[in-house]
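Trainee: Spelled out, the chains give:
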Amino acid sequence: MRVGLFVPCYVDAFEPEVGIATLELLERFGLKVEYPYDQTCCGQPMTNTGCHAEAAATEALFVKNFSGFDYIVAPSGSCVHQVREHLTAIPQTEEVKAVRSRTFELVEFLHDVLKIEELPWAEFPHRVAYHNNCNSLRGIHHARPSELNKPFFSKPLDLLKKVKGIEIVDLARPDECCGFGGTFSVFEPAVSAKMGYDKVTDQSKAGADYVVSADSSCLMHQKGCAERLGLPTKYIHIAQVLNGAAA
Amino acid sequence: MTSREATLAAIRANRPKGDFPLPPIPAFTPLVGEDLVAEFGERLKRMGGRIEPVAEGSDPLAGIRERLAGAKVVASAVPEVTGNRDLTMVAKPGDLEDVDIAVVRAVFGIAESGSVLFTEGELIVNSVAYLAQHLIVLLDPTDLVDTVQSAYRRPEFASSAYAVLHTGPSATADIEGVLIHGAQGVRSLTVVMLPR
Amino acid sequence: MSAEGMNPQKDPLHPQVQPPTDESARGQDGQRLQHAEGASKPVRAPAAREAQPRGAKIRGDRPIDQAEAAERFIAAPLHQAAHDARLWDVRKKRDAATQAIPEWEELRELASQIKTHTLANLDTYLEQFEAAAKANGVHVHWAADGAEHNRIVHGILRDHGAKTLIKSKSMLTEECGFRHYMAANGIDIIETDLGERIQQLDDEEPSHVVMPAVHKTRIDVAEVFARTLGTDPTNDDAHYLAESQRVTTRPLILQADAGMTGCNFAIAETGTVVTCTNEGNADLSGNVPKLQIHSIGIEKLIPRIEHLGVFIRVLARSALGSTITQYTSHFRAPRKGTEMHMVLVDNGRSARLGMEEFWTSLKCIRCGACMNTCPVYRRSGGLSYGATYSGPIGLIIDPTFNKRKYSTLPFSSTMNGSCTNVCPVKINIHEQIFAWRKVLAEEHQIPLLKQGMMKAAGAVLSRPAAYRAAIGAADSALKALPRFAVYNPANTWGKKREMPETPKQSFHAWYKQNRMKGGAK
Numbered sequence: 001m002r003v004g005l006f007v008p009c010y011v012d013a014f015e016p017e018v019g020i021a022t023l024e025l026l027e028r029f030g031l032k033v034e035y036p037y038d039q040t041c042c043g044q045p046m047t048n049t050g051c052h053a054e055a056a057a058t059e060a061l062f063v064k065n066f067s068g069f070d071y072i073v074a075p076s077g078s079c080v081h082q083v084r085e086h087l088t089a090i091p092q093t094e095e096v097k098a099v100r101s102r103t104f105e106l107v108e109f110l111h112d113v114l115k116i117e118e119l120p121w122a123e124f125p126h127r128v129a130y131h132n133n134c135n136s137l138r139g140i141h142h143a144r145p146s147e148l149n150k151p152f153f154s155k156p157l158d159l160l161k162k163v164k165g166i167e168i169v170d171l172a173r174p175d176e177c178c179g180f181g182g183t184f185s186v187f188e189p190a191v192s193a194k195m196g197y198d199k200v201t202d203q204s205k206a207g208a209d210y211v212v213s214a215d216s217s218c219l220m221h222q223k224g225c226a227e228r229l230g231l232p233t234k235y236i237h238i239a240q241v242l243n244g245a246a247a
Numbered sequence: 001m002t003s004r005e006a007t008l009a010a011i012r013a014n015r016p017k018g019d020f021p022l023p024p025i026p027a028f029t030p031l032v033g034e035d036l037v038a039e040f041g042e043r044l045k046r047m048g049g050r051i052e053p054v055a056e057g058s059d060p061l062a063g064i065r066e067r068l069a070g071a072k073v074v075a076s077a078v079p080e081v082t083g084n085r086d087l088t089m090v091a092k093p094g095d096l097e098d099v100d101i102a103v104v105r106a107v108f109g110i111a112e113s114g115s116v117l118f119t120e121g122e123l124i125v126n127s128v129a130y131l132a133q134h135l136i137v138l139l140d141p142t143d144l145v146d147t148v149q150s151a152y153r154r155p156e157f158a159s160s161a162y163a164v165l166h167t168g169p170s171a172t173a174d175i176e177g178v179l180i181h182g183a184q185g186v187r188s189l190t191v192v193m194l195p196r
Numbered sequence: 001m002s003a004e005g006m007n008p009q010k011d012p013l014h015p016q017v018q019p020p021t022d023e024s025a026r027g028q029d030g031q032r033l034q035h036a037e038g039a040s041k042p043v044r045a046p047a048a049r050e051a052q053p054r055g056a057k058i059r060g061d062r063p064i065d066q067a068e069a070a071e072r073f074i075a076a077p078l079h080q081a082a083h084d085a086r087l088w089d090v091r092k093k094r095d096a097a098t099q100a101i102p103e104w105e106e107l108r109e110l111a112s113q114i115k116t117h118t119l120a121n122l123d124t125y126l127e128q129f130e131a132a133a134k135a136n137g138v139h140v141h142w143a144a145d146g147a148e149h150n151r152i153v154h155g156i157l158r159d160h161g162a163k164t165l166i167k168s169k170s171m172l173t174e175e176c177g178f179r180h181y182m183a184a185n186g187i188d189i190i191e192t193d194l195g196e197r198i199q200q201l202d203d204e205e206p207s208h209v210v211m212p213a214v215h216k217t218r219i220d221v222a223e224v225f226a227r228t229l230g231t232d233p234t235n236d237d238a239h240y241l242a243e244s245q246r247v248t249t250r251p252l253i254l255q256a257d258a259g260m261t262g263c264n265f266a267i268a269e270t271g272t273v274v275t276c277t278n279e280g281n282a283d284l285s286g287n288v289p290k291l292q293i294h295s296i297g298i299e300k301l302i303p304r305i306e307h308l309g310v311f312i313r314v315l316a317r318s319a320l321g322s323t324i325t326q327y328t329s330h331f332r333a334p335r336k337g338t339e340m341h342m343v344l345v346d347n348g349r350s351a352r353l354g355m356e357e358f359w360t361s362l363k364c365i366r367c368g369a370c371m372n373t374c375p376v377y378r379r380s381g382g383l384s385y386g387a388t389y390s391g392p393i394g395l396i397i398d399p400t401f402n403k404r405k406y407s408t409l410p411f412s413s414t415m416n417g418s419c420t421n422v423c424p425v426k427i428n429i430h431e432q433i434f435a436w437r438k439v440l441a442e443e444h445q446i447p448l449l450k451q452g453m454m455k456a457a458g459a460v461l462s463r464p465a466a467y468r469a470a471i472g473a474a475d476s477a478l479k480a481l482p483r484f485a486v487y488n489p490a491n492t493w494g495k496k497r498e499m500p501e502t503p504k505q506s507f508h509a510w511y512k513q514n515r516m517k518g519g520a521k
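Chains as they are written, first to last, in this note's numbering: chain V, 1 to 247; chain U, 1 to 196; chain L, 1 to 521.
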C-alpha cells in the first residue's frame, strides 16, 4: 500500500506538529508513508473565493505530486473536501479523478480504511469539546449533522473513545460553524470573529479544558478568539491526541 | 407578444434538461393512536385551542352556554345554538365586526394536527370566522380523519370556493417571540365534540 | 389615533386575552406553548435603550457592502444577541418537530421531486392552472415583471374605484416594490401581518421571509408604534403593542376597497391559491373586501391537491417548528357578488429556469429555515443583505435579479452547509453559493484586489520553490505568511483575533531535517 502524506499549507506553516503527529501516527500502524516534497496546497483558498482559473496550476501540482498513491492522507477535512468535491479547475483526466477519489482525511482513513481497533499509546486525561469542522461534518460526512433526521454516528468520537482518560463534554450548539470559513475570516472579519467568540464561549461554558478538531484552520481561528477573550481553553488537533500527545 | 406568451415561451426555451418524473405519494403510517379524539385534543391544545370538557351524560353544550349568555352578539351558523345575529341576512362581510362569539360546525377535523375544516357552506359568511372575537366549533367525533395526508384526499378542497383549516386561534409572536392570541382574527377557538 | 384602553388586562369583554407576562404563552396544563412563532423560552432583550441598527446602505447598482452593515448590527449587542437567540430557538424547535416524524427525510425528497417535476413542466401546469381558475370564474393576469404586476393591480383597482387595499405578507410584492409604487399612485396599502405592519410603519423592508421584524426588539416596536399609532411610548409590553395594532388596523380592514394575498402554493388541477398564515390576516384580506387579488410567483405551482399532504407537513415544521400554521386557506373561486383576480408573475423566474446550476433555487417554498440556521444571518440581521431575499436563499436568488448589486452576497457565507440540510425541498444552497462565486469571479464581478490576491496566491502555491522560500525559514515565514496564508493586507485577522504563533520551523523544514538526511526515508 502506497500512502502519500499531504500536509496542507497552513499546517505546514503554522502547525507543523500536526503534520508530524499525522506522519508518526500512520507509521505506528506499520504504514510506509511518503511525503512528496514538492507539495504545496490543494487550491482551496482560490476556489473558495471563486477564482478557479487562479487555482488551476496549484491543482495540477497537487495531482502531479500525489499521482500513483493508493491513498493520499491529510489531517484536514476542508482540504480533503476541496480535493474530492472542488478540484475541477483542470481537465478531469483519469489521473486527476484517481487522485481525487483516493484522497482521505485522517479520521476517515483510520476509521473506514484501516478500521483501527485500539490506540494503546494514547492517553488524554482531560475534558474535551470536539469541534466538527463544517467541511468534515457535512462535506465528507464525519458525523451525523444535527439538522438531519438520521441515526447518530461520529467517526471522530468513535476514535476519541479509544483514548484513555478522555472525557467528552457537550456543547449547547454542537455543530454551529465557528466562523473561520477560509477567506471569509478576513473579508468578513466582524461576523467571523463574533461567531468565533460565541463558539469559544460555548466551549468554555461546557467546561472544556481542550478543544479537539480534525481541522487546524478552525482551531487557529478559535484559539485566536479564545486568547482575545482571555479564556484558558487549549486547542489541539485530533492527530496529536490520537498519536499519544500528553498535552 | 403578450406577457403570457413571453413567459410560456421562455419556460419552454429554458426547460431544464433531464428526466423529472412526478413521484407517487406513499401512504405514510399515521403518527396518531387509535383514540382520534384524544389525539386531536392534545394537538389542538398545543396550538392554543381547546376542547370543551363535557361531563359524562350531561349536555355537551352546557359549558359554552354561560359564555354565550354573557356575550352581546352571537352569530350562529348551526341549528344547535341560537344566536342574535342572522348570518343569512348580512349585507356585507364587514358588518360582522361586532360579533363576540361565532358558532360554526366543522366539516371534519384532523387528529395529526388538531385542525378543523370549514368551507363557505359552514361559515355562511366567511368573514365571521375572523371578525368574531371568539370562535366555537362543533365537531362530530366521527368526522375526524387521522392525518393531514388523509385530509387532502377529501373532496371539499376541489369543490368549495373557499376551504380553510383552522388550527387554534389567530396567533402571532412577531414581537420577541411572545405568543399572543388574537393577532387579527379570533382570540380563542373552542371545539365542542357534538355528533351531527 | 389613540391606543388608550387597549391594554388587554383591562378589557372585561375578552377575559380570555392573556395577561401580559411570559406566562401567557402557557397552555391550560402549564406547559409552554410554542405554536406560531412562539419562543420556547422568553427572549427578552434587556430594557436598556440601544438604537436599532439599520440595514445595508443602498447606492444604486453599487455592490452591497453586507460586511459593513453586519458589523454595525454586531456593534448593537442587545439586538444581535436577541436576534441570534430567537432564531436559534426556532432552529431548535424545527429540529424537534422534524425528529418527531420518522419519514421526515423522505418527505423532503418527495417535496423536492414534486417541485423539480413541476418546474420542468411549468408551461403545462401554468396553462392548466389558468384554465381551471378561469373556469372557477377568476380573472387571470400575467405579468412579465414586477412593474407589470404593479400596473395590472393598479388597473384592477382603478376599474373598481378602489383607493385602499389590505394585504397579507407576500415576498413577491416586496420583490415588485408594490407598496412604494402604490404609494406614489395614491393608493393606501395596509399591511395586516403584525411583523410586516411594524416594518411598513417604520418604512423598512422585511428582514426575514417569515418573521419580518425579527431584528427589532419590543422596545424598537414601542418606539415605532408610539410615533405612528400614538401608543404609550413607555409601554413596551408585547401584548399591549400587538393589541394596539389589532385595534388600529381593524377599522382599516373593514373599510378597505380591496384585499390582496400572496401565495404559498398554487394548485394546477383546481386553480386554487393556498396561503399559510398564523394571524388570519390573509383570510380577512380575502373575505372582507368586495375585490380580492392574489399575486402568485409562477414557481409556486404544484400539480395536485394531494401534494399539499406533503408540503403542508414540511412547511410549518421547517419554518417555525410547529405542526401546521394556524390557518391553511384555500381560495378557489370568488364569493357571491365579488370579483377575484389572480396575477401570475414571472419577474425573472423563467430566465432562472434556464440557469443550469441555479434553476433548482425555484423550488424554494420561503420557509426561512435556511435563515434561522445560518450562523452568518443570525449575527448580521436580514437587512444587512440590502435585498428582498436575505440569508442563504437570498445569496443564490438575489444575483439573478442584479448581478452587480448583489455580487458580494455569495461571499457572505462560511460555506458551512447547514442551510442545505434544513431545506425542506432539498435545494443545494451552499453548493449554489460556491457556484455563484465562480460565475462572479469569471465575470469580474468580484473586487480587483481580491482577484489580484488570489492570482498572487496561485502563483506562489503552484511553484514549490517559491512556496518553500516563503515558509521555509522561520524568520521569513513571519513576514511572508500573511501574504499567502492569511491574505491579510489590512491585518483584519489581527484586529479581532490573536495571530497564531509562528513555529520554529515548518513541516517541510522539519521533514527535510529529520527524514531526508542522506536520502534516508
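Derived by calculation from the structure, the hints in this document are not laboratory data. Heads up, some of the hints might be wrong.
[As the list claims (entries may be wrong)] In the BS3-like style, the derived pairs of lysine-lysine whose C-alpha atoms are separated by at most 25 angstroms in a straight line are: (1) U:Lys45 - L:Lys512; (2) U:Lys45 - L:Lys41; (3) L:Lys405 - L:Lys363.
[Unchecked claim] Reference listing, derived: stretches of chain L covered by chain U, where coverage requires no fewer than 3 residues with Cβ under 8 angstroms from a Cβ of chain U: (4) 121-128; (5) 133-146; (6) 186-197; (7) 242-256; (8) 318-328.
Don't be surprised by glycine CBs; every beta carbon is placed ideally from N, CA and C.
Trainee: Look at each hint and say if it fits the structure.
Mentor: We went through each hint and held it up to the structure:
1. For the suggested pair Lys45 (chain U) and Lys512 (chain L), the alpha carbons sit about 70 angstroms apart, so the restraint of at most 25 angstroms is broken.
2. The suggested pairing of Lys45 (chain U) with Lys41 (chain L) holds, with an alpha-carbon distance near 18 angstroms, which does not exceed 25 angstroms.
3. Among the hinted pairs, Lys405 (chain L) with Lys363 (chain L) is consistent with the structure: their alpha-carbon atoms are about 24 angstroms apart, no more than 25 angstroms.
4. Counting residues of the stretch 121-128 of chain L whose beta carbon lies closer than 8 angstroms to any beta carbon of chain U gives 5, which reaches the threshold of three, so the coverage claim holds.
5. Note: the stretch 133-146 of chain L has 4 residues with beta-carbon separation from chain U under 8 angstroms; the three-residue rule is met and the coverage holds.
6. Three residues within the 8 angstroms Cβ limit are the bar, and the stretch 186-197 of chain L against chain U gives 4, so the coverage statement holds.
7. Interface restraint, the stretch 242-256 of chain L with chain U: holds (8 residues with C-beta to C-beta distance below 8 angstroms; minimum three).
8. Counting residues of the stretch 318-328 of chain L whose CB lies closer than 8 angstroms to any CB of chain U gives 7, which reaches the minimum of 3, so the coverage claim holds.
In summary, the structure is inconsistent with hint 1 from the numbered list given earlier, while agreeing with all the others.
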